[in-house]
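Asker: Sequence:
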Amino acid sequence: MQLKFKHKLVRDLAWVLQSANLLDDPLATDTSPFIEAFSIEAHLKELDQNPKPLTAFLAARNTHRLGHYFEALVFYGLDYAANYRRVATTIPIRTQKGISIGEADLVVYNKRTSEYEHWELAVKFFLAHTSAAETTYIGPNANDYLHLKLKKLKEHQCKIFDCPEGKLVLNDLSIPWVTSKLYVKGILFYHPNQLYKIPPYLHQKHLSSWWIYAKEASQFFKQENRFALLHKKQWLSTPEAPTETLDKHSFLELLDATFLESPRSLYVSVYKGGVLQSQGFVVHNAWPVI
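Sequential numbering of the sequence shown, starting at 1, is according to the working numbering.
Among the clues, some could well be false.
Quick list of in silico lysine to any residue cross-link-like pairs, SDA-like style, CA-CA up to 20 Å [as the list claims (entries may be wrong)]:
1) K232 - K159
2) K197 - T179
3) K233 - G102
4) K154 - G102
5) K159 - T90
6) K149 - G102
7) K149 - K111
8) K4 - E41
9) K149 - V87
10) K8 - G274
11) K8 - A82
12) K248 - K233
13) K159 - N171
14) K4 - H43
15) K222 - E155
16) K111 - R94
17) K149 - G67
18) K167 - K149
19) K154 - P92
20) K6 - Q277
21) K232 - T179
22) K222 - I212
23) K45 - D79
24) K149 - K197
25) K222 - Q279
26) K97 - L170
These are calculated hints, taken from the structure and not from any lab test.
Turn these sequences into a full structure, and let the hints steer you where they fit.
Answerer: Quick look at the structure:
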């Protein structure tokens, strides 16, 4: 799906609209309308020839953070989805005194069901870590947890229109009620030598890759591999081919120097003969206690 588009922005859009759901949950959106919609597929091909409509759309929005970039791509895709109409985005919910209660990501009209839906959007990259036979999904920099993120999404964000202030916002939009949904995409990373208990709320076909400790890099990677570090805006789909890559020796030296200065995990793309082989995280040897 991703490699057939030459432009990175178009690959990212295809990834956001057509990749596997991260969740298997009653609140998870049905993304099949995007996957099956001929209008979306045809438009992706048009964009790959001329990406100006997409670049202009993104340029008019704040997309510096990965989450905002992800949201903007969802908004754009909805404008070309035959089964949906985008009603409102980034909707603030405040009290009469102007105190913020929160923000709703998106309200859409589902043309198939003739119902309004409230979507909370999220893109997640978490590393599975097993300790004492329990598996926890931890953020790359060990500062957040997937189960807590999902709990907040379900128990707070998805219920934001249930409060009186939320109902007033719906009334202003001439919407009687909404069904709340979660639109969550992402990749989960697994250590090759750990056993896991994958929770039932995760989609069986969720996207996955590997993570390793820095001390394991020399044995894990092959001599013929070449390497590049990935910045956050490159995380969604297949990255741009780097202008420069590092050989194994230089890459291992970079890891040692980097982790002496900072415990932040590194997202790495691995190449062989100029062809991308895989992407995964190398973490500090003390992770997740860093």
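Asker: Taken at face value, is the distance from the CA of K197 to the CA of K149 at most 20 Å?
Answerer: Holds, at roughly 19 Å.
Asker: Are the Cα atoms of K4 and H43 separated by 20 Å or less?
Answerer: holds (14 Å)
Asker: Are the Cα atoms of K149 and V87 separated by 20 Å or less?
Answerer: This hinted pair is violated, its Cα atoms lying about 26 Å apart.
Asker: For the pair supplied as a hint, K149 and G102, is the alpha-carbon distance within the 20 Å limit?
Answerer: Holds: K149 and G102 sit about 15 Å apart, inside 20 Å.
Asker: Has the given pair, K167 with K149, been kept, meaning a C-alpha gap of at most 20 Å?
Answerer: Roughly 24 Å between the alpha carbons, so the hint for K167 and K149 is violated.
Asker: Regarding the pair K233 and G102, is the alpha-carbon distance no greater than 20 Å?
Answerer: This hinted pair is violated, its Cα atoms lying about 26 Å apart.
Asker: Mind checking the alpha carbons of K222 and I212 for me, to see if they're no more than 20 Å apart?
Answerer: holds (14 Å)
Asker: Quickly compare the C-alpha distance for K232 and T179 to 20 Å and report which way the hint goes.
Answerer: violated (32 Å)
Asker: Can you confirm whether the C-alpha distance between K45 and D79 stays at or below 20 Å?
Answerer: Holds, at roughly 16 Å.
Asker: Is the straight-line distance between the alpha-carbon of K222 and that of E155 20 Å or less?
Answerer: Judged against 20 Å, a Cα distance of about 45 Å means the pair is violated.
Asker: Decide if the proposed pair is consistent with the structure: K149 and G67, CA atoms, cutoff 20 Å inclusive.
Answerer: OK: K149 and G67 at ~14 Å, within 20 Å.
Asker: Assess, step by step, whether the Cα of K4 is no farther than 20 Å from the Cα of E41, and give holds or violated.
Answerer: holds (12 Å)
Consistency with the previously given hints fails for numbers 1, 2, 3, 7, 9, 11, 12, 15, 16, 18, 21, ordered from lowest to highest.
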